[in-house]
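Kindly generate the complete structure, drawing on both the sequences and the hints.
Heads up: the sequence lines are chains D and H, in that order.
Numbering-wise, the first sequence is residues 1 to 603 according to the numbering used here.
Numbering-wise, the second sequence is residues 1001 to 1226 according to the numbering used here.
There may be inaccurate statements among the hints.
[Stated by the list, open to error] Distance ranges between label pairs, derived from CB positions:
id: 1; chain 1: D; residue 1: THR52; chain 2: H; residue 2: ARG1048; range: 50 to 58 Å
id: 2; chain 1: H; residue 1: GLN1132; chain 2: D; residue 2: ALA101; range: 48 to 56 Å
id: 3; chain 1: D; residue 1: ALA101; chain 2: H; residue 2: SER1089; range: 43 to 51 Å
id: 4; chain 1: H; residue 1: HIS1224; chain 2: D; residue 2: SER226; range: 55 to 63 Å
id: 5; chain 1: D; residue 1: ASN121; chain 2: H; residue 2: ARG1048; range: 44 to 52 Å
id: 6; chain 1: D; residue 1: LEU59; chain 2: H; residue 2: VAL1166; range: 37 to 45 Å
id: 7; chain 1: H; residue 1: GLU1106; chain 2: D; residue 2: GLU124; range: 33 to 41 Å
id: 8; chain 1: H; residue 1: GLU1066; chain 2: D; residue 2: ASN61; range: 22 to 30 Å
id: 9; chain 1: D; residue 1: GLY135; chain 2: H; residue 2: CYS1226; range: 55 to 63 Å
id: 10; chain 1: H; residue 1: LEU1042; chain 2: D; residue 2: MET178; range: 17 to 25 Å
Derived from the structure by calculation, the hints contain no laboratory data.
Glycine included, each C-beta is placed from N, C-alpha and C at the ideal position.
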Amino acid sequence: RFSRCDALIYTMVLNDCVSAPDKPRLTSCRSPEKETFTCWWEPGDDGGLPTTYALYYRLENSETVYECPDYRTAGENSCFFNKNDTSLWINYNITVVATNALGKNISDPVEVDVAYIVQPNTPENVTAVVVDDQGPFVRVSWEKPRTADTRSGWITLLYQLRVKQEKDKEWEEYDAGMQKYYNVFSLHPDKEFMVQVRCKPDHGFWSEWTQPTYVKMPDYIPRERSLWIIITIFSIFIILILTWTLNVKRNSVKLCLLPPVPGPKIKGFDKQLLKSGKSEEVFSSLVIQGFPPTIGYDDLLVEYLEVYDNEEQELVLDSKDLSEVCMKSKSLSDCDSGRGSCDSRTLLLEKCMEGREGSGSDQHQYSQHGETSCTSTESSECQGLEPGSPESSDGRVKTWPVVFSSPQPHHHYQVEAVKPVYHSVPEILNRSSPHAMPTNYHQLHHQDIPQQEGRFSKPACRHSQSYNQFNLDGLDTPAPGVSPSRSLEYVEVQRVNPENMLLLRPLSDPNREPEGSDYAGEDYSKVKEVTSNNILLLQRDTYHQCVDDYSQDLDSQAGQCTTQQPPHPCKPVIYQSNSGMPQEGMRVMGNGYVDSTVLMPSY
Amino acid sequence: MSRSLKQVAVLLVALLCLDLHSRVGSAPICAHGPSGCHVPSLADLFDRVIQHSARMHSLSNDLHSEFEQYFLPSKNHIGKIYRKCHTSSILTPNGKENAQKLAREELTEVILKLLMAWRDPLFQLHQSMAHQQDFNSFSSNKALEMGDMAHELRKGVEKVAERMRVLGMLGNSVTGLSVAEAMLPISDSGEAMSNYELLYCFRRDSNKVQNYLKILKCRIVPEHDC
Chain D
1 RFSRCDALIY TMVLNDCVSA PDKPRLTSCR SPEKETFTCW WEPGDDGGLP TTYALYYRLE
61 NSETVYECPD YRTAGENSCF FNKNDTSLWI NYNITVVATN ALGKNISDPV EVDVAYIVQP
121 NTPENVTAVV VDDQGPFVRV SWEKPRTADT RSGWITLLYQ LRVKQEKDKE WEEYDAGMQK
181 YYNVFSLHPD KEFMVQVRCK PDHGFWSEWT QPTYVKMPDY IPRERSLWII ITIFSIFIIL
241 ILTWTLNVKR NSVKLCLLPP VPGPKIKGFD KQLLKSGKSE EVFSSLVIQG FPPTIGYDDL
301 LVEYLEVYDN EEQELVLDSK DLSEVCMKSK SLSDCDSGRG SCDSRTLLLE KCMEGREGSG
361 SDQHQYSQHG ETSCTSTESS ECQGLEPGSP ESSDGRVKTW PVVFSSPQPH HHYQVEAVKP
421 VYHSVPEILN RSSPHAMPTN YHQLHHQDIP QQEGRFSKPA CRHSQSYNQF NLDGLDTPAP
481 GVSPSRSLEY VEVQRVNPEN MLLLRPLSDP NREPEGSDYA GEDYSKVKEV TSNNILLLQR
541 DTYHQCVDDY SQDLDSQAGQ CTTQQPPHPC KPVIYQSNSG MPQEGMRVMG NGYVDSTVLM
601 PSY
Chain H
1001 MSRSLKQVAV LLVALLCLDL HSRVGSAPIC AHGPSGCHVP SLADLFDRVI QHSARMHSLS
1061 NDLHSEFEQY FLPSKNHIGK IYRKCHTSSI LTPNGKENAQ KLAREELTEV ILKLLMAWRD
1121 PLFQLHQSMA HQQDFNSFSS NKALEMGDMA HELRKGVEKV AERMRVLGML GNSVTGLSVA
1181 EAMLPISDSG EAMSNYELLY CFRRDSNKVQ NYLKILKCRI VPEHDC
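Shown next, in the form of structure tokens:
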């Protein structure tokens, strides 16, 4: 203040410096309805003296100065122009003059065109109502500001509203256009919201926001919960479908996830040698002399090999199946593993096949039979598969289907086309050389040994079956006598010889030599023969080997069994029925076994 | 090769045929009475002209703002004395009551006069804006568009007047509409007006037109939005 005193008069009365007023300033002019308008100014420093303010205006292109008609209506430091004094589309040149005892000051002029300074009042009667139709929403409605005349079209108002919760920072704004209501969706349940509305003329300024209107959303959780229930059910359904699909495809999934582990590559192991069948040479390179220690070897022995066959084995397998099974087992089983037990029937099969492959010739013949399954004790049954075995000159090989295992009844059957479904010891006999059979057999018998892989000792091969020869024509060819009578029985592993051969001996007779035993299990039926109609003839009493007395008359129902030591006559338990049988189903044998081998297709 | 060419040709022909047939047909709006085509109602006509005038006014507003922003330093022109707009000779109501006091015919006449008076000046405006280097093409395009809009609007209002006369809303007191005169944008002092002045004047006049049309509409067809 004192700095202003230099040009001023120091009054004794007020004991202070006084001066002329500062320049006032016009802050804004506004028209709420385009019919009247108000201008406000800001007074400057009054200079210490009572100051009066006056507003003067001049219309466009006219020099006539008018003074503000109304200083009161609009409040302090304002000038209100009523309807009579308001002209649109004309520039007003407005100035404010501040006057006090010492002087006056004029503000800067302001040009105003009333048409462009329209700012309406706030909308009125804002109501927000919860409507519960298809999901609760809020319907906000309001009325136009009282002063705005939209009815005559003089003013066009556009509305806007905004919504938020008390605690939110940001407002959600919505444009309502010219309508006077709005539906607000997607508001959270069980929360309170505040709503505000404002409006604007088509060319002009936005009004102020209305006072907030509060609305509380109802709680509609149950509806949300049902949605969650639906989602849960749907996802469970999908999971079930996925599980079922996985289950169906589990094999391929397993194959994918757990690929078959290849066998170990043993150093020094020559695969080619193995394939050629010279197994002993193959293994000899691996064998370390003196290891394993043979002392106390017996302790390591398995007491006996116990073989049983369960019902499943009795199933007649299609030769195709068999080959499949064998192929599978071939791939899955590990030739290098020590598994030699013939409970894995297929293992022997593959070995047989491998042995076969070595031979190379007539492989197809054997493949017809599929693989012969290994039987139990007859681990050395592979002998039947030897390459040296008689082969049919005409390509047809007869095999002896053996559903082997000790309890299994023997059955012979005659095949015309050879396609045994299931045999443990394949015996491939050639019809053309029936007589050679016994000798062949013997030969086989002995020949087996070198050709085996050495897992099983040949001599232990017991075949309780008598040989049957298959007379393709079913006639006349004298059946070769079964050479050594063979019986199904348990064998005991005697020892393992250095060549990794299991020497077996029959359990029943420890002193027995492997050869020539005709001991047979007591309770099992043996198949005597299979007739041309694929009927199995069973022997009731298998105590003694039923040496084949293959009557050439194969139609005979009662096969006669001639045993070498025939204390008991053989009693065929199956009676052949006439043709039409072959593809019949299972036959119940007399001793209670059901033999399903008759299901073998006859080829 | 020739086979594929043939196929392509067939395909093209098919497409062309399809295109021809699937042309969107627009229903013509009949100017002279109903003869099987869709005739818009008076309310529709009013809505259209009002929308048109709103667009025209917003264009003029934009151009004026650009001018003020880029070419004139001060917002509030201190002591600036505008020359009169060339349309100031046309008597226009300057308030709501005055506008409501006018009869429909007079109001319509005022509108048409205004629009007619701006036909040539807008063309000149566009010409001068296009030639000057100061303006980018966008602004001069706006000016051109503005001129076209004014022309269209005038035609529209004439149609509305025609419809009203047909419907008997316009009394016979006025023997037809007096021919609106084309005016030259010459101010009192005889000088041509500058672009800025033209824009300023046109902005105001387009606002007038819009307001008058709204009043007319709500007086004649008050159902919608009034």
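Here's how the hints hold up against the structure:
| no. | hint | in the structure |
| --- | --- | --- |
| 1 | D:THR52 with H:ARG1048: 50 to 58 Å | holds, 54 Å |
| 2 | H:GLN1132 with D:ALA101: 48 to 56 Å | holds, 54 Å |
| 3 | D:ALA101 with H:SER1089: 43 to 51 Å | holds, 48 Å |
| 4 | H:HIS1224 with D:SER226: 55 to 63 Å | violated, 43 Å |
| 5 | D:ASN121 with H:ARG1048: 44 to 52 Å | violated, 31 Å |
| 6 | D:LEU59 with H:VAL1166: 37 to 45 Å | holds, 41 Å |
| 7 | H:GLU1106 with D:GLU124: 33 to 41 Å | holds, 35 Å |
| 8 | H:GLU1066 with D:ASN61: 22 to 30 Å | holds, 25 Å |
| 9 | D:GLY135 with H:CYS1226: 55 to 63 Å | violated, 34 Å |
| 10 | H:LEU1042 with D:MET178: 17 to 25 Å | holds, 20 Å |
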